[in-house]
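Chemist: Okay, here's what each chain looks like letter by letter:
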Amino acid sequence: MTVLSRIAPQLIVLAALIALVSVFYPGFLSIDIQNGRPVGPVIDILKRSAPVALLAVGMTLVIATRGIDLSVGTIMAICGAAAAWALTQGLGAGAAIALALTAGLAAGLWNGVLVAVVGIQPFVATLILMTMGRGVAQLITEGRILTFTDPGFGWVGSGVALGLPVPVWIWLATAIAVAVIMRRTALGLLVEAVGINRRAAHLAGVNATVLLIAVYIASGFCAALAGIVVTADIRGADANNAGLWLELDAILAVVIGGNSLLGGRFSVAASVLGALIIQTISAGILLAGFASEYNLIIKAGLVLIILVLQSPRIASEWRLWRDSHRAERGRT
Amino acid sequence: MLLSIRSLTKVFPGTRALDDVDLDIAAGEVHALLGENGAGKSTLIKCLTGAYLRDGGTITLEGAPIDPRSTLQAQELGIGTVYQEVNLLPNLTVAQNLMFGREPRRFGLIDMRGMRSQARATLAQYGLSIDVDRDLGSYSVAIQQIVAIARAVEISGKVLILDEPTASLDAAEVAMVFDVVRGLRDRGMAIVFVSHFLDQVFDLADRVTILRNGRRVASQPIVGLSRMALVEQMLGRALEEVVASPAPEAEQAPAMLHFDGIGRAGVVAPFDLTVAAGEVVGLAGLLGSGRTETAEMLFGIRPAQTGTARDADGPLDLRHPRAAIAAGFGFAPEDRKTDGIVADLSIRENIILGLQARRGWARPIPRAEQNRLADDYIRQLDIRTSGREKPIGELSGGNQQKAVLARWLAMNPRFLILDEPTRGIDVGAHAEILRLIRTLTDKGLSLLLISSELDELVAVADRVIVLRDRAHVAQLTGAAVGADAIMHAIAGTGDAA
Ligand SMILES: Nc1ncnc2c1ncn2[C@@H]1O[C@H](COP(=O)(O)OP(=O)(O)OP(=O)(O)O)[C@@H](O)[C@H]1O
Ligand SMILES: [Mg+2]
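Top line first, the protein sequences correspond to chains A and B.
Numbering of the first sequence is given in the numbering used here, commencing with residue 1 and proceeding in unit increments.
Numbering of the second sequence is given in the numbering used here, commencing with residue 1001 and proceeding in unit increments.
This is chain B alone, in the form it adopts within the complex (with noise of 0.2 angstroms):
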């Protein structure tokens, strides 16, 4: 084996993240690591890769036990890591980034041209032939993804750790970093992966270790175990798939806001949009086509250039986020780091922040019905976590989402705009989530709903509207709403209307 890790075991106070923890990995393998949110998987990886002491348990690497204490440790012992969010400079160049730290030196000063002939071959060896001297935000998201791996395997070389990397991903971009991944499989690397999309796992993987509560469950090759096996594993029970919803009745429901002509130039094309109470609109599209832009724009994040907002009672003002509150508006940001959590803060006070800011500074809610918004809702959502008062950066990033959730269905806003609310969130949960949010438009709650996934537009939309280059190009309703439409009409290549 190339990696062998025994009884690995790691305490935080209130929580065995990990408890006593086996684990193989040879050389040529892609590895998946598998487990609900809170399992232990990011955990498991942080005591790999130094991030984290562990508490018990031995690494050996090539049959030598070592000790990682850092993460440049690590990298310098042989194991790299990729994280969901690309943890590169955005502002440099690729060629800096690829070298960074370690750039060819002549005569004392970095040698700008061997950096960038270097950063060429070695981005060939991925099939990217691009320009290594643009700024690497320039560049989609996959191919930053792509750049971070060929650093990391730069640099260590023997094992590559990957969590959630392709979570921001689209199809065609999953298949090309799977490309990439794959070709260094073949060439001999270990390679740990960690992801909530099974298809993926499928796809790519050749063995799977599943965790439950920072235990092993198993280790097996792939081949051969069906997907709801897995699924059993994972979550320790069946699980009862969400199932797309029969052709909504709420068309009949007379319209609850309306947008006129709302647009904002060069972010987004104007468009109308009308939303009933208790209605689920879809927003499909690739990656940057305008869909979070929408979203921000309807927020008063970006707000509105031309156009107008209205409900039955008159214009709504729209011009920032706390106007959008008070008219009703809630909106669950995509990137819940930068957007979403206030890490410090405990639970209770992520839950109740929306809340206490609408109410004012002077009226301080009870604690007592803090305390119990809070319990409500680290059940309902079941956010795992060994009490309310944790702060909410020490949950587990799946477990980090539930509660931003929580603090916007805390709020009990009309409209409510989410922005890939599952991203990151394991199938149990996801289920759980879809199951609240129809429940929640059963009682009149309209929603506008963002996903990269397909399937859970056509489980809850009841409309989907499908955006292409910023601008909205066309809707799909009741009957027509449907995995295979919505991909065309993404492509262009349907006669979706």
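So here's chain A without its partners, still in its complex pose (with noise of 0.2 angstroms):
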């Protein structure tokens, strides 16, 4: 399978919201230029998707190997935190950001070894970091917001780079790279194989252990990444609610990209364009009109209905009347 052909049920529900949201928003797609600064909706969606967008290329990872990680959100918070501390120590914005990476990487090894050499569920292991990573990041920040006025840190969540805010610049090289690393080197088949038989592979030499830990750690990294553009968009670092309940959003968007919640095959770009359509569902809702009530029964339906018509199920059948159709004219 090619990639286009695997991500084009994304890009064809994608494209089917942008229309239904330009009817009821006929600028939806208009860009404008203020102060050498590109605005619009379109804009708008693209930097506001980076934190979903980061924690869905690790979580894609976790999840083909039959795990998921639901510490990330609290793991945003954490390195958000960290960063925060260190530039009012006095501490420079490289300094910061190594300080934040190297955290998520922590947390990424600590939830990787429970899984793979200690033998917890995913569910539970990474539970355990949600619940008492909050406490941490609650720690750093002393039960305060912590506010910074370091400019380059800023950047890195509100500036703007070739055109595009520098967010977007963030996920988009994160997650090619990503793709361009699994594909281009056998890890991707490797996960693969873990993720649906990890007994097979074992036995047929693959290093299962390492390479669960090195997910759980690639996703501790990007959730860092994610940690770091919220809280320098911000300029400060909020521990009871940065990253909150994004592990829903970024698990959301891994399934939307098609993804098998069991493990096995899986597509990086699919689970970024899931990022982008819920994003997109969010802001259209917005732009549209409706009451900000209705924003999460719309959001819900229409989630819905794009998991019903990507379902084996519905596939199956699909593929089944297709194939006989097929048979039908080759017969006559």
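Simulated from the structure, these hints should not be mistaken for lab results.
Predicted, not measured: the structure shown is a model, and the values here were computed from it.
Treat the hints with care, as some may be off.
What the hints assert, rightly or not - To give an idea of the interface, some chain B residues facing chain A are shown, with a C-beta separation under 7 angstroms as derived from the structure:
1. A1323
2. I1325
3. L1353
4. G1354
5. Q1356
6. P1364
7. R1367
8. E1432
9. L1436
Unchecked claim - Across the chosen pairs, the derived CB separations fall in these ranges:
10. A/A15 <-> B/E1154: 54 to 64 angstroms
11. A/G159 <-> B/A1051: 54 to 64 angstroms
12. B/R1363 <-> A/I120: 27 to 37 angstroms
13. A/T131 <-> B/R1302: 34 to 44 angstroms
We put the beta carbon where it would ideally sit given N, CA and C, even for glycine.
Starting from two chains that each stand alone, build the complex the way the hints lay out.
Modeler: Here's what the structure looks like:
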């Protein structure tokens, strides 16, 4: 299967959504330049997609191994708090970013060891950090919202480079880098093999333990990037609310991307499109002028429709129908 | 006719698995369904039990057309199925398994006493008097298989389908299951029986239907049919049987691997073993005698606790499979479904998986090379598929087995452990694989071959080690390797040493 045919359903859904929103809000696709910055609903969606898109990249790999990472929202909070703390201590933007990324890698390592070495189920293992980690973040911020004024760090969240907001470049680069690493090396194949049949992969000589730890570390790293982007954008770290519930959006993005929660075959590109779809729905509902109370209901309804259309049952029935028609035609 | 199938057709993308197949099965007969790997036997059964939706044709049961859309529906109509892998729940008791979903109730609660006595009464009809409160998993596979049959008969009662039910049973257990099946036949049930063991087919079946490439070749009574005629109809050509090798000259070859006092408490008693380059060592013994455990120990799955392994260059590390692979070992496991195939990956990816794992993730095998390897083995092992990109899970059982074997051959090991390598493989492919094994051992590959089929051991092994009760009890070498001698050693009645 080529990449394009794999992500075709997500592209179609996204196009349909854009068309739908444009009916309600004709200016949806317009982009203006103000003070050298591009502005417009589409740019806004691309930028606001950054946290979920980043989380979805890591989550895709974890889910491919038949796991789940519930702690990513919390890791965002920890890393944001760590960066803000570093800045308030007078350290530079570079040091703050390095500290935040290190925290994300460490959190991923913790999850990975619990899952792959200790053998705790991923759901439970990452639930531990999900609940405990908020406390860690609150300890770092001492319960306050830590604000800072470092312009260099702020640029990561709200700056513009080459005509696009910096967060957009960050998620694009991360997604492309991960996808290329997975498919240009054998990592993608080995991750899929472990997700489908860990025992068979182990017997074939695949180092499943190291691979599992690696995907949780990757997920922690992506969460750290998301935490940095969010913290830089609002120029402050809020340990209570940063990344709250975003793990659920990330999982949803992966599922909308057509990746099975049972592990195996995965597509990073499709998951990122899933994140864009979620953000387009949210923005579209507001732009179309629905009262915000309807937001969650309409969003849930649309997501349900997308998932039903993608369900393997419907796909296989459609394939059956198509094949029998082809067989008919072949006979006549 | 109790069950009549007319013009049954099933199409998968790229494959016509069943093409216009007719089949009639009478009450009170055992009807064997034969054919090569990928001929369409399992597909036919799945269409009959509603696991697959057919693309054309009619099914008539007792004169009325039926259209089963799920296995549950087929059961209610009267068609029950028992598969090769026992599909019951080993952690539940025998009684719970037998009565699952139809437990007798009192005051809305499950009536435990009633359930037990019903279960005992049911099993008594099959000549089994076992403790129905023990977990099913604590009984032998044969007893589990009989419980599965009893359950299927209780629920369905008209047609019983057995898809390779004896693949993991030893001779005595097969006899036990067959007695049960004959009893059911005499009570007027129709029984469909799929097997690659022709001796069993001649033993049990009244009529045979042969499929080839999804088409019916013949339906006939089995009396008066010769084994050769049957095989020719299956393969569409005559078979050159592999005959026993003459006394091997490998004895002169120097030992390549030494295992000294290697063992694991409670699993395999310590033993010594040396293997020469190009030598085939057979492992014989009953199910549960420690054959698979020996293999798993040598490959580092449950590593040895005592003893050492070494080659000419020094000691070998066999603490886990990756270490064993690095030492040039390979292991094609017995249970292909849980230990062998990675179902959603393609045949190509399954074949190169081991090779790729050994090279490391950073050095992917170039795609052209992958394609060449896959195509090579698909041709050499005659894997029946519409292409190398087909998910391995969509291959027929025997063809999956061949692809797992290909994975290990592609890694070019010096010492390959094969645990029941030809289980579920048809007679034609069986001969091909034995021939391939000979070619490889002539080039210096050493083999440890575990097999329940004595003929297979006799045909290829230079030396046979016999296990009983998790210990190595006898060794037969050269001219002494014969089916009778092995059988005596297994039973502990011969004077083999
Ligand atoms: N789910 C599936 N999707 C696609 N093709 C399939 C599927 N199941 C079976 N096939 C194809 O249908 C053909 C018949 O397969 P089937 O499993 O019926 O063979 P079989 O006679 O049972 O062989 P064996 O002796 O190896 O078990 C094969 O070519 C197989 O690849
Ligand atoms: Mg089959």
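Chemist: Each hint should be assessed against the structure and marked as holding or not.
Modeler: Structure-based check of all given hints:
Contact between B/A1323 and chain A, as hinted, is not supported at the beta carbon level, the nearest pair being about 9 angstroms apart and thus beyond 7 angstroms. The interface hint given for B/I1325 is met, as the beta carbon of that residue sits about 4 angstroms from the closest beta carbon of chain A, less than 7 angstroms. The interface hint given for B/L1353 holds, since its Cβ lies 5 angstroms from the closest Cβ of chain A, which is under the 7 angstroms cut-off. Interface hint status for B/G1354: upheld, as the beta-carbon distance to the closest one in chain A is roughly 4 angstroms, under 7 angstroms.
Annotation: B/Q1356 was flagged as interfacial toward chain A, and the flag holds, the nearest CB pair being 5 angstroms apart, inside 7 angstroms. Residue-level restraint check for B/P1364 holds (minimum Cβ-Cβ distance to chain A is 4 angstroms; threshold 7 angstroms). Because the beta carbon of B/R1367 sits about 11 angstroms from the nearest beta carbon in chain A, more than 7 angstroms, this interface hint is broken. At its closest, the beta carbon of B/E1432 sits 23 angstroms from a beta carbon of chain A; the interface hint therefore is violated under the 7 angstroms criterion.
For B/L1436, the suggested interface contact is broken, since its CB lies about 20 angstroms from the closest CB of chain A, more than 7 angstroms. Taking the beta carbon of each, A/A15 and B/E1154 are about 55 angstroms apart, inside 54 to 64 angstroms as hinted. For A/G159 and B/A1051, the Cβ-Cβ distance of about 58 angstroms falls inside the hinted range of 54 to 64 angstroms, so the restraint holds. Distance hint check for B/R1363 and A/I120: the Cβ-Cβ separation is about 33 angstroms, which falls inside the suggested range of 27 to 37 angstroms.
Between A/T131 and B/R1302 the CB atoms are about 37 angstroms apart, so this pair conforms to the stated range of 34 to 44 angstroms.
Violated hints for the displayed structure, listed by number in ascending order: 1, 7, 8 and 9.
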